[in-house]
Amino acid sequence: MRKNQITNKTRFLIIFLLCLMNLGNTFVFKPAQPDHGWSNGKSPIVLIYIIEFRDILCSPCSESFLDFCLSLPVEFQKENTWGIVVFDQGPQTNLGEKIIAKKVRGFMNGNQIHFPVFIDFLHIFKTLRTQATQIVLLDSTSFSVKKYDFPLAAKQKDAILQAVIESL
Amino acid sequence: MKRTLCFLLFLLLMMFKAASGLSSGESLFNQKQDGIQLEELLTLGSLEDDLLFQWIGVNVDLSGNIYVTDSLDYSLKKISSDGNLLKKKGGRGQGPGEFMAPRLLDASENYLYVTDHLLSGIQVFDKDLQFVRRIPIQVPISDFCVLRDDEIAVAPLVMNSPSQIFFYNAAGKIERVLTLGQHSADLIMDQFSFIFDNHKNVYVAYTFQDKIEKIDTQGSRIWSTELLGIKKVKKEKISGYVLPTEIIYKDVDLDSRGNIYILGGSFSANPSRDVYVLNPEGIQIATLTLPDTSHCIYIDDKDFLYSRANAGVTLKKYRMRYRF
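Just so you know, the sequences run in chain order C and B. Here the first sequence stands for residues 1 to 168, where the numbers follow the numbering used here. Here the second sequence stands for residues 1 to 324, where the numbers follow the numbering used here.
No lab work stands behind these hints, which were simulated from the structure alone. Treat the hints with care, as some may be off.
[As the list claims (entries may be wrong)] Listed next, the stretches of chain C that the computed footprint assigns to chain B, with coverage defined by at least 3 CB atoms under 8 angstroms from CB atoms of chain B: (1) 56-63; (2) 104-114.
[What the hints assert, rightly or not] Once the Cα atoms are required to be at most 25 angstroms apart in a straight line, the calculated SDA-like pairs of lysine to any residue come out as: (3) B:Lys234 to C:Gln131; (4) B:Lys237 to C:Leu152; (5) C:Lys98 to B:Thr293.
Where is the CB? At the ideal position from N, CA and C, for every residue including glycine.
Input sequences plus hints: build the corresponding full structure.
Below, the structure is given as C-alpha cells:
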C-alpha cells in the first residue's frame with residue numbers, strides 16, 4: 001500500500017515536472033531568438049512611405065515605388081515600414097472614402113504589400129506632400145530624418161538600401 | 001372692373017398654357033432624345049467586397065460569363081452571369097500570364113486577348129484563363145479588335161503618325177494596314193477608338209477630335225459626322241510635350257442592329273455619362289445617359305450594355321429598352 005502511494009506520488013511529480021517543462025518551453029522559459037534581431041523592431045531605421053493616391057491608380061506612376069519597397073526584406077517591411085496614403089482635399093462623401101479604401105486594399109492585395117498602410121482622410125500629412133510619392137527615412141542612430149521623392153535616383157536608392165542593410 | 005379682371009385672368013391662363021405647352025414640347029424633345037431606357041440587371045463589385053478594384057477591360061461570352069481585367073490587383077477575372085467569381089489569374093510580373101498594367105480585353109470564340117499598358121504584345125488566354133501564348137506586337141496599343149484568331153486589328157498609340165489600323169496575324173506579323181485619314185500636325189490628336197461591323201466596315205471615334213467616321217474595307221470614308229461642335233481641346237505641356245488633356249469621345253461600340261454607341265468625354269452635357277446613338281448611316285437617333293461616369297462601354301451579343309460605376313470598383317449590366 002505504502003509502496004503504491006510512493007509510486008503514485010512519484011508519477012505525479014514526473015507528470016508535473018514534464019508539464020512544467022513543456023509550459024516553460026512554450027511560454028516562460030523560451031530563450032530569446034537571436035537569429036533575426038532586426039525583424040522584431042530592433043533596426044534603428046524606419047521607413048515611412050507617403051503614397052500619393054493618384055499614383056496607386058496609375059501603374060506606370062507606382063512602378064518605381066513598388067519595385068523599391070518590394071525589394072526590401074519582408075521582415076523589414078513588416079516591422080519597420082509604414083505607408084500613409086494621401087490624396088487631394090475636396091468634397092468628400094462617405095462613398096468617396098469607401099472607394100479610396102477599397103482601391104488601397106486592392107493595391108495592397110495585388111502587390112502583396114506586407115507593411116501596414118493608413119489612409120490620411122483628415123489630411124494631416126498634407127504639408128509633407130509634393131507631387132510625388134515619397135519615402136521618409138528615420139534613423140535613430142544618427143537622429144536624422146531624410147526624405148526622397150519617387151522615382152528615386154540610382155544613388156538615392158543605393159543609399160537607402162545600404163542604410164537598411166547595415167541596420168539589419 | 002370685372003371685365004378687366006376676367007381679361008387678366010384669361011391672359012394669365014393663356015400664358016400658363018403657353019408655358020406648359022413649351023414644357024411639354026421640351027419633355028417630348030427629351031423623350032425623343034432619350035430613345036433608349038436602361039434597366040439595371042446586375043451589379044458586380046460592391047464597396048466592401050474584393051471582386052473588383054479597378055476594372056478596365058470587359059468582355060462577355062455567349063453563356064453570359066463576364067471577363068474583366070483589373071489593374072489594381074493585376075488580374076484577369078472570370079465572373080459568372082449571376083456575379084460569382086469563377087476564376088482569377090495574373091499577378092504583378094512580366095512572365096507568361098502576368099501583368100504590369102492589364103488593360104484592354106477582347107475575345108474570339110475560344111480565346112481572350114489582353115493588352116498591358118507596360119508590356120508589349122497581346123497575351124492570349126483560353127476561356128478558363130489558362131495562358132496560351134503572347135503575340136509579339138512591338139507598338140503600344142491604343143485600341144484593338146479581334147476579328148479572327150489570325151486577324152487582330154490594332155490601333156497603335158503613337159505620338160506623331162497618321163490614323164492607321166494594323167492587321168496582325170497570330171504570329172504578330174503585319175498583314176495589311178488601313179489608313180483612315182489625313183494626319184494632324186499635333187501630337188496624338190489622331191488617337192481613336194474603333195469597332196468593326198459584320199461587313200468589316202470600321203467605325204472610328206476620335207479621342208481628341210469631334211469626329212465619328214465610317215470607313216469601308218478599302219479605307220474609303222462612307223460618312224463622317226461631328227456631334228458636339230467642338231473645334232479645339234485644351235492642351236498642356238506635359239514632360240516637354242504639348243498634349244491634349246480633354247477627351248471628346250471615349251469609346252465606341254455596336255449593337256446587334258448595327259447602331260453605333262459613342263461614349264462622350266469632357267464636353268458632353270453629362271461628362272463621361274452621355275452615350276450618343278447613331279444609326280448605321282451616321283444619323284443620331286438617341287442619347288442615353290449612364291447613371292455613373294464610365295471610361296468605356298461594352299455591348300454584348302444579346303445587346304446588354306456594360307459600364308462602370310463607383311470609379312471602377314463596380315461594373316453594371318443594363319438591358320436597353322428601345323423606344324424607336
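Verification of the hints:
1. Interface restraint, the region 56-63 of chain C with chain B: holds (5 residues with C-beta to C-beta distance below 8 angstroms; minimum three).
2. Check result for the region 104-114 of chain C against chain B: holds, 6 residues qualifying (beta carbon to beta carbon below 8 angstroms, three or more required).
3. As the CA atoms of Lys234 of chain B and Gln131 of chain C are separated by approximately 22 angstroms, the hinted pair is consistent with the 25 angstroms bound.
4. For the given pair, Lys237 of chain B sits about 23 angstroms from Leu152 of chain C by alpha-carbon distance, which is consistent with the 25 angstroms threshold.
5. The straight-line distance between the Cα atoms of Lys98 of chain C and Thr293 of chain B is roughly 17 angstroms, inside the 25 angstroms bound, and the hint therefore holds.
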